[in-house]
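Here are the chains, one letter per residue:
There are 2 protein chains.
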Amino acid sequence: MADLAIGIDIGGTNTKFGVVDRAGHILVQDRLLTNEHDSVQGFIDDLHDKLMPLIEKAGGVSQFAGIGIGAPNGNYYTGNIEYAANLKWRGIIPLAKMVAEKFGLKVKLTNDANAAAMGEMMYGCARGMKHFITITLGTGVGSGIVIDGKIVLGHDGFAGELGHTIIRPGGRLHPGTGLRGSLESYASATGVRETALELLTQHPKEESLLRDYSINDLITSQTVYECALKGDKIANQIFEFTGQILGEALANFVMFSSPEAIVLFGGLTKAGDLIMNPTRETMEANLIQIFRNKVKVMFSELKEADAAILGASALVWD
Amino acid sequence: MADLAIGIDIGGTNTKFGVVDRAGHILVQDRLLTNEHDSVQGFIDDLHDKLMPLIEKAGGVSQFAGIGIGAPNGNYYTGNIEYAANLKWRGIIPLAKMVAEKFGLKVKLTNDANAAAMGEMMYGCARGMKHFITITLGTGVGSGIVIDGKIVLGHDGFAGELGHTIIRPGGRLHPGTGLRGSLESYASATGVRETALELLTQHPKEESLLRDYSINDLITSQTVYECALKGDKIANQIFEFTGQILGEALANFVMFSSPEAIVLFGGLTKAGDLIMNPTRETMEANLIQIFRNKVKVMFSELKEADAAILGASALVWD
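Sequence lines, in order, name chains Z and Y.
In this text, residue positions in the first sequence follow the working numbering: the first is 75, and each later residue adds one.
In this text, residue positions in the second sequence follow the working numbering: the first is 75, and each later residue adds one.
Treat the hints as calculated values from the structure; they're not laboratory data.
Possibly wrong hints are sitting among the right ones.
Copies of the same chain look alike in the list, so a pair counts if it works inside one copy or between any two.
[Claimed, not checked] The list that follows gives simulated cross-link-like pairs (lysine-lysine, BS3-like), each with its CA atoms no further than 27 angstroms apart:
(1) K204 - K224
(2) K131 - K377
(3) K204 - K171
(4) K368 - K171
(5) K224 - K368
(6) K370 - K204
(7) K204 - K304
(8) K368 - K344
(9) K224 - K370
(10) K180 - K307
(11) K171 - K279
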């Protein structure tokens, strides 16, 4: 019986891949540079060269149930990557088909945020849940929605773009989408940095450890977190504000699909209670009665380094 | 073969019921007053007295696949009505079980908004669609979400409360929920009336036909519609504003579940293009690229008088 899967996570810079067993252990892993190859075929050839030794070492192709791939704008229905802004390859790339032909294995493709949700359901804190939402609070804000044990894909395969829902009409301009007031403009790494700059500018006389950092250093929620722990008022306000926006957004998501849990993942979650408390509190305050004190908001237990490969591999068991 | 179904729509004032065939024809229908009965059992007994002659006339119980019921706070999973604010009967009412025992037929229960979505899928303009959302713009704003051909119920049966999602943080207070800025506070009959009063107050020198109506008459979107058709500026602004809010909300819903269509139903839709145009335009303007010019926004084709019975009956064929 095929008890192993390949998980491949294609990112703008790196492509990570590994051999995963049904329990969620990554037995071996490696990576290659995504945009080093001008042609998709060149990328797949290189991937094959690097992966085959791992596959052979694990007992050969017959041990594998298939290959799962998470990629920007990956479409589960078509197996295509469609117009991914961060990748060199333009237009519509029939990646699942090309990889299947090269490896002779079943290939499933979806976007990275949906793969993350699959990982939580198979190996993470959403094990056994049939209704939950994962929100990745990283450079951007990604989301994967699970209803009745299945990823919500929508009629075209692109459902679950919760980072782009508008939570502050007329608010911050998102340079990538041209829209104003989206969740991603506030609850991402870039959003936290912008909030920091706004608060420091609005309160020029308020002392803050954050003023010792150059603007570029402010980018990480890590910096803000460290200052907040030292009692810095503005740093604490940043998480308070971000948590409020996030909590309002989560309330809206709950009233849509009534999940059992919302799993938060990504850089911002390192702030722990500083982000969790205002998020939970504001979510509860914006829910109608029937949803209150029901929905778990939790941090992912998956290691950030492993989650992308695990999530991609989880597509195979589906 | 059982080719008939009973549809029952329990409203705050009236309970409507009818015999429906698979093609969506209501063969006979009748009604009774919902809150005339202090006990649920009394209500069911009265319903039985009124329904049995219709059932007998149609060939008896054996001709019927079952009974579908739409009711406020009706829970599909449990078959209970749970804490419905508009009904006399308090707490948790095991209505599906009680009706099944009385009639000896299979009974399915859900809330009225989900029943409306089922009706659209079985008999209305969402026939053949697997991914769509219905929004009822009536006294309140109700919604039913269909994904992969199934109503989204969530982990507790209460999913799909889109009227309560926050679209204007810090905005209008909703007296029923205590929340501020929900879609229902703007895109309902009450919301339209409030918008009318706001605009008339904000522009005291602007002439408007609406000033000839008493405040109570303003409640209907019908009044505003008639004035708008006569070229009244404020009446037109009311629909423009309402459509903008609704369009923003629809954009958020699209980015959640990527439906093929959104079906609008209820009093506000009588305003036709006056509400449809700003709604569509604002929705498109708030979508990220991959969703633009894809999602149909349409008015329900079901007659308002029939829709509730049809929707309830559609539960039976599921």
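Item to check | Hints not upheld, ascending by number | outcome: 7, 10, 11
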